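Each protein sequence line maps, in turn, to chains A and B. By our numbering, the letter at position 98 of the first sequence is numbered 98, and the numbering carries on one by one without gaps. Quick note, our numbering runs 1000 ahead of the 1-based positions in the second sequence.
By construction, these hints were calculated from the structure, which means they are not laboratory data. Given the structure is predicted, the values throughout are model-derived calculations rather than measurements. Take these hints with a grain of salt, some might be off.
Said to hold, decoys possible - List time: in silico PhoX-like cross-link candidates among lysine-lysine, alpha-carbon distance up to 25 angstroms:
hint, chain 1, residue 1, chain 2, residue 2
1, A, K57, B, K1068
2, A, K95, A, K57
3, A, K57, B, K1106
4, B, K1061, B, K1049
5, A, K71, A, K9
6, B, K1068, B, K1049
7, B, K1106, B, K1049
8, A, K95, A, K9
9, A, K95, B, K1049
10, A, K57, A, K9
11, A, K71, A, K95
12, A, K95, B, K1061
13, B, K1061, B, K1106
14, A, K9, B, K1106
15, A, K57, A, K71
Said to hold, decoys possible - FRET-style restraints, in silico, Cβ to Cβ:
hint, chain 1, residue 1, chain 2, residue 2, range
16, A, M27, B, I1011, 32 to 38 angstroms
17, B, G1016, A, G53, 48 to 54 angstroms
18, B, P1007, A, F10, 32 to 38 angstroms
19, B, I1060, A, K57, 29 to 35 angstroms
20, A, A82, B, R1069, 42 to 48 angstroms
21, A, N62, B, I1060, 34 to 40 angstroms
22, B, A1114, A, N70, 49 to 55 angstroms
23, A, P83, B, S1052, 43 to 49 angstroms
24, B, I1060, A, K14, 40 to 46 angstroms
25, A, N30, B, I1011, 33 to 39 angstroms
26, A, T99, B, E1066, 15 to 21 angstroms
Said to hold, decoys possible - Pulled from the structure, derived: some chain A residues nowhere near chain B, Cβ distances all over 10 angstroms:
hint, residue
27, Q22
28, S31
29, G58
30, P61
31, N70
32, T86
33, G98
34, V111
We treat Cβ as the ideally placed atom computed from N, Cα and C, and that holds for glycine.
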Amino acid sequence: NAGVTQTPKFQVLKTGQSMTLQCAQDMNHNSMYWYRQDPGMGLRLIYYSASEGTTDKGEVPNGYNVSRLNKREFSLRLESAAPSQTSVYFCASIKQGGTEAFFGQGTRLTVV
Amino acid sequence: AQSVTQPDIHITVSEGASLELRCNYSYGATPYLFWYVQSPGQGLQLLLKYFSGDTLVQGIKGFEAEFKRSQSSFNLRKPSVHWSDAAEYFCAVVPPSGNTPLVFGKGTRLSVIA
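Input sequences plus hints: build the corresponding full structure.
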């Protein structure tokens, strides 16, 4: 019973490098989200996908792209990483009706 | 726009003392309300949630929260804090339609002293 699986758990990038954060859920949920967490800022929504084939911008989408590959997978891409993107990233899968969110363990990303 | 406010950035309590963490929301209708806890270096764990009905909600780890419509609040309480409760606590809301994303407050960090 994996729930929400995020990879990698840790990553260090140089400024300008690209990478993709992977997220998969096995709960057959329609909605999936990507958040970033920074000290004193709580969790801020980057992008979300209300269903397979749809994606929408959240509060802080600049510098990111997403792909809802299928119902299970929702990836987050940094095309050209910047130090301001140093953060902890969480993927969430949302139960139908918004009644509960299930979170991955997070990806700690450092951009130097 | 929907928003969630946690007025206290950091709270320190003595072990065995009672705890109340505040959460206020701004919304036209009553949203779904949640409290999450995050231990250092860990993911988020759901403590409790409120959708409708009884305004006093019981959660895991001995926590409870009370919804007060007149104050647009959903404060988290625990009668006797344990050292293991030291963590960051997040209040979150989502509108009843369920199609709008979960919005988080900025969190309250709880420290527990002997």
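_Given a hint of 42 to 48 angstroms, does the C-beta separation of A82 (chain A) and R1069 (chain B) actually sit inside it?_
Between A82 (chain A) and R1069 (chain B), where Cβ atoms are some 43 angstroms apart, the hint holds.
*Below or equal to 25 angstroms on CA atoms is what counts here, so check K95 (chain A) against K1049 (chain B).*
holds, 13 angstroms
_Pair hint K71 (chain A) and K95 (chain A), alpha-carbon separation not exceeding 25 angstroms_ = holds, 13 angstroms
*Closest CB-CB distance from G58 (chain A) to chain B, is it above 10 angstroms?*
violated, 6 angstroms
*Given the proposed pairing of K71 (chain A) with K9 (chain A), does the C-alpha separation stay at or below 25 angstroms?*
holds, 22 angstroms
*Find the nearest Cβ of chain B to the Cβ of Q22 (chain A) and say whether that gap is larger than 10 angstroms.*
holds, 16 angstroms
_Quick check on a hinted range of 32 to 38 angstroms for M27 (chain A) and I1011 (chain B), using CB atoms only._
holds, 34 angstroms
_Holds or violated: K1106 (chain B) and K1049 (chain B), Cα atoms, limit 25 angstroms._
holds, 18 angstroms
*Using the beta carbons of I1060 (chain B) and K57 (chain A), state whether their distance is inside 29 to 35 angstroms or not.*
With Cβ atoms ~33 angstroms apart, the hint holds.
*Holds or violated: are the alpha carbons of K57 (chain A) and K71 (chain A) at most 25 angstroms from each other?*
Status holds; Cα separation ~18 angstroms.
_25 angstroms Cα cutoff - pair K57 (chain A), K1106 (chain B)_ = Roughly 20 angstroms between the alpha carbons, so the hint for K57 (chain A) and K1106 (chain B) holds.
_Assessment of proposed distance window 43 to 49 angstroms (beta carbons of P83 (chain A), S1052 (chain B))_ = The hinted range 43 to 49 angstroms holds for P83 (chain A) and S1052 (chain B), with Cβ atoms some 45 angstroms apart.
Taken one by one, the earlier hints fail for this structure at numbers 1, 28, 29 and 33, listed in ascending order.
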